[in-house]
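Trainee: What follows is each chain in one-letter form.
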Amino acid sequence: MTDYYREYLAVAVLIGAGLAMVGGMLGLGKLIRPTRPQPQKYVTYEAGSDPVGGWGQSNVRYYVYALLFVMFDVEAVFIFPWAVRLETLGVQSLISMIVFIVILALGLVYAWRKGVLRWA
Amino acid sequence: MIVQNIFFWVLALAMVLGAIGVVRSQNVVHAALYLVVVMAGAAAQYILLAAEFVAWVQVIIYIGAVIILFLFGIMLTRAPMGGDTKLDNDQRWPAAVVSVFLAGVLGALLIDAFGKKEIVISGAKGEQLLQVGKAGHLADSIFTAYVVPFEVVSILLLAALVGAVVIARRD
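Order-wise, the sequence lines are chains A and B. Just so you know, we're using my numbering here: the first sequence kicks off at 1 and counts up by one. Just so you know, we're using my numbering here: the second sequence kicks off at 121 and counts up by one.
Note that these hints are calculated values from the structure, not bench results. The structure displayed is predicted, hence computed values, not measured ones. Here a beta-carbon is modelled for each residue, glycine too, at the ideal position from N, C-alpha and C. Just to be clear, a hint being listed does not mean it is correct.
[What the hints assert, rightly or not] Reference listing, derived: stretches of chain B covered by chain A, where coverage requires no fewer than 3 residues with Cβ under 8 angstroms from a Cβ of chain A:
1) 123-129
2) 174-186
3) 212-222
4) 276-288
[What the hints assert, rightly or not] Just a sample of chain A residues kept apart from chain B, beta carbon distances all over 12 angstroms, derived:
5) Leu28
6) Thr35
7) Arg36
8) Ala47
9) Ser49
Using the sequences plus the hints, can you model the full thing?
Mentor: See below:
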C-alpha cells in the first residue's frame, strides 16, 4: 500500500470509529433505558410551546441565500487550485481570477441593489 | 491492490443501498439525505482512483451545496414532507428497463475502455498519476487551456443568481 492510501486509511479509520461510537452509545442506551411510550413524547419540539402543526411553506427569499452560498462555494473550489499554482502561472492567471471574481461580485451587487439581502 | 478492491466493493455496496433508499423513500427529505450517502461514496471512490482534488470538490460542492439547494427546494415547494402522500407512480417497469439499459451501456463502455488496464499507484508512473489528481495540476489546465470555459462558469452562476433574485422579488 502506498503512502497515499495509508493517509486516507487513517481517514477511513476515523470515520469507522465515529460511526462505531455513535452506534455503540445509541445501542447501549436502547439496551439499558426503560421504555414507557407516551404520545406526548413524540410531539415535535417547537421552542417549548405546543406545536402549531402542519407544515408551512418557506419564503422563496431564502432561495437567494442558498444560491449565493452555492455561487461562492464554486468560487472557493476554483480559488484553491489557483492559489496553489499562482506563483508559477503568473499575472495571466491573476487577471483571469480577478475577472471571475468580479463577474460573481456583480451578482452580489445586483442582489444587494435589488434589496433581496435586506430583511424587511 | 486487494485492500483497494475490498474498499471499492464496500463503498459500491453502500452507494447502491443509498441509491435504492433515494428512490424508495416515501419522505423527500430522507431521499435527499440518502443522496448524501451516494455522493459521499462517490467522493471516496474518487480518492481510491487517486483523484484527490475531485473527491474534495465532490464533498464541498455536492454534499455541501447541491444538497442544501435540494433541501431548500423541498422547503420552498409544497412537497409532501410528512410522508402522508404516496410518492410512487406506476412507472416502475419502464424505469427498471431504462436503468438496466443505462448500466449496461456505461458498464460495457468502461470495460471496453479500461477492462484490461491495471492502474498502479506506486512506483515512478504512479507518482505521476498522484500528481495529476492534485489541485495544482488542475490549476495548470484551468488557467492555460481552459480559461474561457472557466470564465463562462462565472457567467452561468451570475445568470442563476439573477434569475433567483427576479423570482424572489416577484412576491
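Trainee: For each hint, tell me whether it holds in the structure or not.
Mentor: Against the structure, the hints:
no.: 1; hint: 123-129; in the structure: holds (count 3)
no.: 2; hint: 174-186; in the structure: holds (count 6)
no.: 3; hint: 212-222; in the structure: violated (count 0)
no.: 4; hint: 276-288; in the structure: holds (count 9)
no.: 5; hint: Leu28; in the structure: holds, 24 angstroms
no.: 6; hint: Thr35; in the structure: holds, 23 angstroms
no.: 7; hint: Arg36; in the structure: holds, 26 angstroms
no.: 8; hint: Ala47; in the structure: holds, 18 angstroms
no.: 9; hint: Ser49; in the structure: holds, 20 angstroms
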